[in-house]
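Engineer: Listed below, chain by chain, are the residues.
Protein chains: 2
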Amino acid sequence: MKEILPKQIESLINILSTIPGIGSKTAERISFYIITSKDNMVQKLIDVFSDIKENIKICSECGMISDTDPCHICLSPDRNREILCVVEKPTDVITIEKTGEYNGLYHVLWGVISPLEGVGPSDINISKLIERIKKLGIKEVFFALDPDSEGETTMAFIVSKLRDIEDLSITTIARGIPLGGNIEYSDMYTLSRAIRFRTKLNDNL
Amino acid sequence: MKEILPKQIESLINILSTIPGIGSKTAERISFYIITSKDNMVQKLIDVFSDIKENIKICSECGMISDTDPCHICLSPDRNREILCVVEKPTDVITIEKTGEYNGLYHVLWGVISPLEGVGPSDINISKLIERIKKLGIKEVFFALDPDSEGETTMAFIVSKLRDIEDLSITTIARGIPLGGNIEYSDMYTLSRAIRFRTKLNDNL
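Residue numbers (our numbering), protein chains in the order written: chain A, -13 to 191; chain B, -13 to 191.
Pulled out of the complex, with its shape left as it was, chain A reads as follows:
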């Protein structure tokens, strides 16, 4: 193989293989597609990655990826500046924005507390979060973390740090049976939560 595959292509395949969900076969296919594409994809990618390297930064306020600092959301006069949504990673901001259901500010933790992976509270963007909540006079902290053990642990840890802030409402994204899902095949944990935190219909209708 070494003889036949130039080292540059081997390097590209190796880099792409480190992306989760991309195995070595897919990395090979993608690499060859890019290299043999007729519309000069290699140059296009060099250009776009150079542009990203030069212009993409992390917002020093909320931790979101942006081409401005502070980012567009932190700067926007149209957002509700009394509510702060806490997410694990930048893509979660985009996913939530796509719903159009939320108009407050964000805070990206860049991870969750995970003792198994050696990630402690000081390894993620928590102290800045506490600082912002106080500085901005936030009225509601809204957690939108994945409902797994790391997400719950992280939320519990942060909530414990917020106890001394007065008049602060703390909420979390609803957990329950997904739309299109069904009760019979739900796991017991989800179903238990969905029963315990059942929604009042008269509040929502």
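Hints listed in this document are in silico derivations from the structure and should not be mistaken for laboratory results.
One or more of the hints may lead you astray.
Copies of the same chain are indistinguishable here, so a pair counts whether it falls within one copy or spans any two.
Said to hold, decoys possible - The calculated PhoX-like cross-link candidates involving lysine-lysine, where the alpha carbons are at most 20 Å apart (straight line), are:
(1) K11 - K120
(2) K84 - K120
(3) K43 - K24
(4) K114 - K75
Here the structure is a predicted model, which means the values were calculated and not measured.
For chain A, the structure is supplied; the task is to place chain B on it using the hints.
Structural biologist: Just chain B now, kept in the frame of chain A:
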């Protein structure tokens, strides 16, 4: 969305989405993984793509991708220079090399004849193939094209051009029931071919 996603990231997602098998959701996930990776993946990709742009060429003999011209295989004194394997694309060379079953030369067509997609015989690397067969004094042309209608059409076209070359053996990769496959669920076309071109066991044992 426009407000939240910097145009550089949007561009990267758009470019990656043009790769077959990568939808917009996957392109988004890959883009964010690369941009937010801790080991400076953006710079690594700029470097490797620049290296590819500068050093990867197409072998002027066989059409394979290589960092030398002629490529390593065309230059190798260890290969059997009397047999030429005809493939559709560079990755097919790599796949065949991985088997370790073949030690001859290659010829990459960079496509197959496909009237539906407007690809005619002059759009792929056929004239150079005929020239090489004559120049190199090839004794066997071995077709390893996909066994679909485009592959068969391409093979039939090339074979018609080889009729006047004397003492040339023309072979094609065996088609039949794949190992681990079963007769009951084989399609009739494959099964018909497997019966018509049944293999003599006494030749192979």
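Engineer: All the hints need checking, so say for each whether the structure fits it.
Structural biologist: Outcome of the hint check:
1. Proximity of K11 to K120 under the C-alpha cut-off of 20 Å is found in neither arrangement, the shortest distances being 50 Å within a copy and 36 Å between copies.
2. For the identical chains of this complex, K84 and K120 are neighbours neither inside a copy (28 Å) nor across copies (61 Å), given an alpha-carbon limit of 20 Å.
3. Taking the shortest Cα distances, K43 and K24 sit within 20 Å of each other only across copies (14 Å), while inside one copy they are farther apart (32 Å).
4. In this assembly of identical chains, the alpha carbons of K114 and K75 lie at most 20 Å apart only when taken from the same copy (15 Å versus 53 Å across copies).
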